[in-house]
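Given next are the chains, with one letter for each unit.
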Amino acid sequence: MVATVQIIRKTGTAGAEDVSVINDGTTGINTRANAYDTHSTADTTNPIRIPAASSNYSYWVSTRLKCTVSPAGTINNVKWFSDGTNSMGTGVTCVGELASTGANAGYIQATGTPGTTGTVLSMANHTGMDAEPTDVFAWTTGSPKTLTATISNPSTGEFGEHFVYQVVVASTASPGVTTSETFSWRYDET
Amino acid sequence: MYNWKCLLKNGSILEQYDDKREPKEISSDTIDHLNVETFVLFNGENLVYILHMDPGQRLIYRRRTELAAGERIPLVCHLVGWQMTVSGENVQSIAYCFEDGVIESVGKFRDNHPWFYSVVPTKKEMEENNAANSTI
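Protein sequences appear in the order of chains A and B.
Using our numbering, count along the first sequence one by one with no gaps and you end on 190.
Using our numbering, count along the second sequence one by one with no gaps and you end on 136.
Next up, chain B with everything else stripped away, as it sits in the complex (with noise of 0.2 Å):
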């Protein structure tokens, strides 16, 4: 199963995992978006995939999961990427990190696509995203 780690600005490690820590998984939705330095997806404790982040870029991210009546394994695709604010317009880069192995990157969710639609904003996502704008 994948799990996340993330190193942040002030050079603190938050992992989504973490057994001295109660509660020991928490979830992505507590990262502060706006300063992540790098982003790590790891299977077991090998690599999957990393992402380095420049200034202004917000992270996303999100585990997407598809069940099927009669399938006996779920698929499971992981979301990582960034989105920011450039002159007024949401950018977006997002890789899709499925856990057979197979990594795809797209520039911007595309909403007809399978598995490249977008997210549902949280409500801290939201507010980050108004953030941004008003100080364009």
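Excised from the complex, chain A in its bound form (with noise of 0.2 Å):
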């Protein structure tokens, strides 16, 4: 068999994350940015609140590639990339960047008021960012992020960077569920 892997979610303690898988190979399943620190692919207990003014954020959303199966060879080449689009509704967008610094990876977990609004994703307040945060649907299927991500026989488990993403909610926003949107990883196997 090829490698077999998977992209997926991570929640709670640095350290001790909570592993949820988005896609398994077979199967993609969205995840929500929620105002909590939770995997949710339907929860609407703890949307994100439109404020008056200003904006409210979704927790953070730690995602990475996990290998099941090791590759015969070596997976690299990894790439990020959105559909280009942000089709989430006026007064929504989305932020993103790479988190590789520190411990556990760069992973952080993400923290702020459930339901009404996280902390917003910086290089001040989430230590393992790379960059600041900049909008995800500049990095396309022809101009995608490149990340530093390796892994080779025989081996097995998380390998690469993070791609670390949030929600960002205005006060221009309506109420109600925002269209899914779709984000991608491509990489090479020998």
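Covered stretches of chain B, going by a simulated chain A footprint (3 or more residues, C-beta under 8 Å):
#, region
1, 20-34
2, 53-67
3, 107-116
Hints listed in this document are in silico derivations from the structure and should not be mistaken for laboratory results.
Small disclaimer: the values here were computed from a predicted structure and weren't measured.
Note that beta-carbon positions come from the ideal geometry of N, C-alpha and C, so glycine has one too.
Make one complex out of these two single chains by using the hints.
Below, the structure is given as structure tokens:
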């Protein structure tokens, strides 16, 4: 068999994270960016509250690749990209960036006020970030974000940088569930 | 699922999967890229693509996979081609064999294209490229 690679979302305490599978190589599951630090695919109990002014935020979402069946050779050349179009509606955006700095390969647990807002994703608040987050829709299939990520035979487990993103909700947003976005990863295998 | 077989210039055959061998699956990086006569891509037992190599050409092969949150089926493309050093320049030809049956060919990597962007050379490929450049 060729390698089995999953996209995972991590929540919980750094060093003892909960790992949820977003795509196991056969089934893809969208993940919600709510205002609490829990993986969810349909939960609406902790939405991001629309602020009277300025912006509120989802808890940041930490994603990474995990290899459960070793490649026969090497996996590398990892890319991350969005579909290039923000379909989440007026007043809703998404920012993100790579995280690999410090302990736990750059994983930092998301914080905030459940049901209201997450802590702003920034290098000051998330010390694992490699740079300040920017609009994720600038990274597209033809102009993706390149990750430092390699895993070689015989190895399994998480590998490469985290991609961390956060939904930003402005006072101009409308209530309700936003349209799902598709965030993709691509890699080469020898 | 696609798999490959390789006829080497010495007449031996190398297969990605061989139940009588340990390990049963080998990496394409174990192939001697300079000594490939023919590289064949199969879908199960059905032929998908055949690459006939000329002297001096070095095999390029990668399995490129796209995973997406919310998408059930990963997209898989097999890069099959060759590179050659001509007058100090790296010349390439690559076929992109998608597992839905579509095959597209390009004369060189295109780094602003969704699928045709370049590979990251393995250590072995870098050594082969350096050796080719030093014999010009």
